[in-house]
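J.: Residue numbers (the working numbering), protein chains in the order written: chain A, 577 to 1050; chain B, 577 to 1050; chain C, 9 to 208.
Simulated from the structure, these hints should not be mistaken for laboratory data. Heads up, a few of these hints could be off.
[Claimed, not checked] Calculated lysine-lysine pairs in the DSS-like style (CA-CA distance at most 27 Å, straight line): (1) B:Lys752 <-> A:Lys887; (2) B:Lys912 <-> A:Lys752; (3) B:Lys912 <-> A:Lys912; (4) A:Lys711 <-> A:Lys589; (5) A:Lys752 <-> A:Lys711; (6) A:Lys676 <-> A:Lys1028; (7) B:Lys702 <-> B:Lys778; (8) A:Lys1022 <-> A:Lys1034; (9) B:Lys702 <-> B:Lys676.
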Amino acid sequence: NRKSEAKYKYVPKVIIAENEPRNEIWGQNFPKEYQSSLRTADTSYVSYQGGSQMRDMLEEDPRLVILWAGYGFSKDYNQGRGHAYAIEDIHNTLRTGGPKGEGDGPMPATCWTCKSPDVPRLMNEKGITEFYSGKWADKGAEVVNSIGCADCHDPENMKLRITRPALVEAFDAMGKDINQVTHNEMRSLVCAQCHVEYYFNKNIPGKEGVPYLVFPWENGMTVEDMESYYDDIEFSDWTHALSKAPMLKAQHPGYEIFTTGVHADRGVSCADCHMPYKSEGGQKFTDHHIQSPLNNVSNACQVCHREESTKLIANVYERQQKAHENRLHLEDLLVKAHLEAKKCWDLGATEDQMDAILTDIRHAQWRWDYSAASHGGSFHSPVETARVIGGGIVVAQEARIKLARLLSALGYNEPIEMPDISTKEKAQEFIGLDIETLKAQKAEFKKTLLPKWLEEAKQREAGYDSKKVASASN
Amino acid sequence: NRKSEAKYKYVPKVIIAENEPRNEIWGQNFPKEYQSSLRTADTSYVSYQGGSQMRDMLEEDPRLVILWAGYGFSKDYNQGRGHAYAIEDIHNTLRTGGPKGEGDGPMPATCWTCKSPDVPRLMNEKGITEFYSGKWADKGAEVVNSIGCADCHDPENMKLRITRPALVEAFDAMGKDINQVTHNEMRSLVCAQCHVEYYFNKNIPGKEGVPYLVFPWENGMTVEDMESYYDDIEFSDWTHALSKAPMLKAQHPGYEIFTTGVHADRGVSCADCHMPYKSEGGQKFTDHHIQSPLNNVSNACQVCHREESTKLIANVYERQQKAHENRLHLEDLLVKAHLEAKKCWDLGATEDQMDAILTDIRHAQWRWDYSAASHGGSFHSPVETARVIGGGIVVAQEARIKLARLLSALGYNEPIEMPDISTKEKAQEFIGLDIETLKAQKAEFKKTLLPKWLEEAKQREAGYDSKKVASASN
Amino acid sequence: MKLRRLKILPPKGSIWRERAVFFLAVIIGMTHFLARESRITSYMTDDPQACVNCHVMTPVYNSWMHSSHREWANCNDCHVPHDNIVNKYYFKAKDGLYHASVFTARAEPDVIEIKEASQKVVQENCIRCHVQQVTQVKYDGWLEDHNENRTGRQCWSCHRTVPHGKVHGLSSIQYNIAPLPTDSNDNVVPAWLTEAIEEK
Ligand SMILES: [Ca+2]
Ligand SMILES: [Ca+2]
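Work out the full structure: start from the sequences and follow the hints.
T.: Here is the structure:
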């Protein structure tokens, strides 16, 4: 009929299989979207605090090394870049170490979840729990395509869809049905599959031991809601190497913070700014070059705002700078708190004496991380970001006043000496990281195991058939 | 046609003299504006943190009494209400005390500056320095009309004008010429004559001893700019009664904070929200019922925003609540800091030991006050307000860590006992205020001196002639 | 049977009887089909999805979908008079019938252009919503020079991208993929995943 005519106005060149992980196959049917998505490999744009360049965060701010002492992030942490790099970057990061084969390495398979359209394929083939089980290295040969079409689209009609169970389960936990959302909400929710805070729950009844991916939204999405969630289940991501505090890591709560801002309040969705319409040869399509909107102000902002692009960029930078100013203060306080806590232990403090202090450190750093980790938050929701940072400073200071009193009681009544942490290297040395060994292991992995993974994947994919559409050849 | 009808509808009934202080005279020519301005006497509207009701801030939050110990504001402080009350409220406030006649009382004449259209008249008659000289009581019989037309309008053509020298001088100090501003800027600048931070400078060469009204904008209008200004000239409003810190009082920096917000950035002016157009009998005029825009969302906001009025009000409250949350934390820290500093003095601390601490307290409370005093700031510029509060918390905590160490050194290593300041009365008693005496003096003033002032003013004004316009009787 | 009593059908046994049953079924079926296909009921609403029922409307739907007006104004807010209710439905019916007949006749042009009558309607609607911004001297400061500019021209001669973008025409949007009214019942979670989640 006429309508299906409309639906299929594009002449499909191939029939795309459910969970087809290879973007270039989809690209045959949708060349414009595909071509533009390839541009996420462009790393030339840099903004005040974002952009697509590889930015070594530990080098830009070595204090982070202290904050994450004892945790993988102190080894290596970069500001996210384009989707095209998701696989390459997880191969390269020192956080995943240098596994020598199946069952080896520091990270679980769950780490793959947000990196590739091979994930829905695998989950479909193996089951969800099975996917999350085992080591990161166990699935290295299976997950090779960087973030792509199958992560967000239904191949049958190109409608947006949710392919990650964690988001569906998080909606369930909040008593919401994700199938009831509007089309416009979907234009943010496809992003919320990945740009969200998460943790690995190893205590799910029936799945004990499996690091099951969970978004901690049961009480809500604010910094306090998630904190109470973690406190209630006495979860911690790691124990801090210096202060011994039971820490939480906030990973990119992008969607959560975004929902508290005025753009979300007015119905603006992620895709409006990060995937605006684009015109090429008189045709409009959704720009799949997902990037900083500041590299594309005319399409991303000026649809709704008449101001000059320099002014709009200045607006963004101003909000980021204001957040940055106080976040940096908070960071300084946290570094001191960790070192002061260490000093207390060194001077013989008891667990009883330290208990309340460590809880404060946990809560203060959680607030700091929540405000920092999503990178976009200080523009997405500047007022909420500032509130969270302000609250963090209050808690950090509680800790430090208690620390000053305890230090005095332990016979030490002066500012502690600060180590030299002026560079990433010095800071890493201070916390006792042997980066050279880590680097050597990674190099070995890239020389031996990684090529095997890629070869194996190539073989497997060669076996997939991609059906040409009969009518397409007419 | 309709438009020229409107234009020429203005048939002046009276010729208004330069600096005519009586609003009702202007009202004869401009009945709609005048009538609406009378409505500022309506005190029925209350919002989350504002509105036109008399709100006793010390009662709502007795911590303020501690913060202002040793300063007039600890005696009495209300949230501002309508312009119609400016004179009545300055008569009533315990801050102006109970003068018995000329030369008596705690306050200088300068206090009248922002309360009445009698001020431009007097300045014109006597000279500016002369106006600022002497006691508040000295000019009680001269200043009797509450804020009105002559404060903002040129009687000849009704154009907006600046009548307060302090604003002109502040522009001079910044190297700007206030005569070069646009009409739209004037729609905020008439408010900036009064809704700004100020201090009394008694050291102006040639005018020594006169509390000359100055807006401290020479370095700029941010919290840091004004702080450095005051630090450089070693100015302090008073010495704190408990901590002995050399304090600054921020008075309503409404305009300054407003200019940092997105509305100002987009060219929105005070009058757009606080004096929107209004239709009556098919005629549009500027609503001179200056009040909380939340009592008038359809005219004040919906001109530019289509959201439902409940949603817009919720937007405002949300920003106010987020600012309030952290500001309250800061307030708590400041109360403790003052009390801890007092404890240090009590335990025999030296000036040398206290110096850096007192500077921190000065700076932290300055930030708190800057963020609080204008009442509108947390909506006018929520991000800047949050930045200022965050910075204040950092400085307050520096003070308190130093205090914890000093207290320990002085042999006191535990939290100090907190006095009961759960009500305004208890807090005022704690800081040693004899409110009953103050109230009695005020009552005496209102029984004896005040009626004389009003009587004298009546006599004087009866002598003014108000010329009817000949043609008006046609 | 109802049909029988109405004696519409030829006598039993007649060869026509069978054929008549067949054709009647076809007619009833077709009507039903057409009604469903064109989602007749949806034309009475303000839901933009009503318009997107016709594929020729997909480009304008999609451009509106990506415009600053998406959250504020639906098609009818601009394209139907809002001065009074009679006018609204009269215009709607007239316009709707016209579109439908063009569409049914397969006469739709590649580049649809707004008719003069429609232009008037739209202009009125721009002003209806933005009346204060464009007519109050007060906002001269906020909207620099707007006062002189706005008179005597169509708003979209300057605001060219409001709301359909600068490029028009049936082929201006490549794949013409848009959510249809029926889509709202579809799940956004693929069946295999729903199953896998329930399984656990
Ligand atoms: Ca986490
Ligand atoms: Ca002041």
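J.: A separate judgement is required for each hint: does it hold in the structure or not?
T.: Against the structure, the hints come out as follows:
1. B:Lys752 <-> A:Lys887: 23 Å, holds
2. B:Lys912 <-> A:Lys752: 45 Å, violated
3. B:Lys912 <-> A:Lys912: 22 Å, holds
4. A:Lys711 <-> A:Lys589: Roughly 38 Å between the alpha carbons, so the hint for lysine 711 of chain A and lysine 589 of chain A is violated.
5. A:Lys752 <-> A:Lys711: Status violated; Cα separation ~32 Å.
6. A:Lys676 <-> A:Lys1028: 11 Å, holds
7. B:Lys702 <-> B:Lys778: Given that 27 Å is the threshold and the Cα spacing comes to 19 Å, the pair holds.
8. A:Lys1022 <-> A:Lys1034: Roughly 17 Å separates the two Cα atoms, so the pair holds.
9. B:Lys702 <-> B:Lys676: Given that 27 Å is the threshold and the Cα spacing comes to 24 Å, the pair holds.
Violated hints, in rising order: 2, 4, 5; the structure is consistent with all others.
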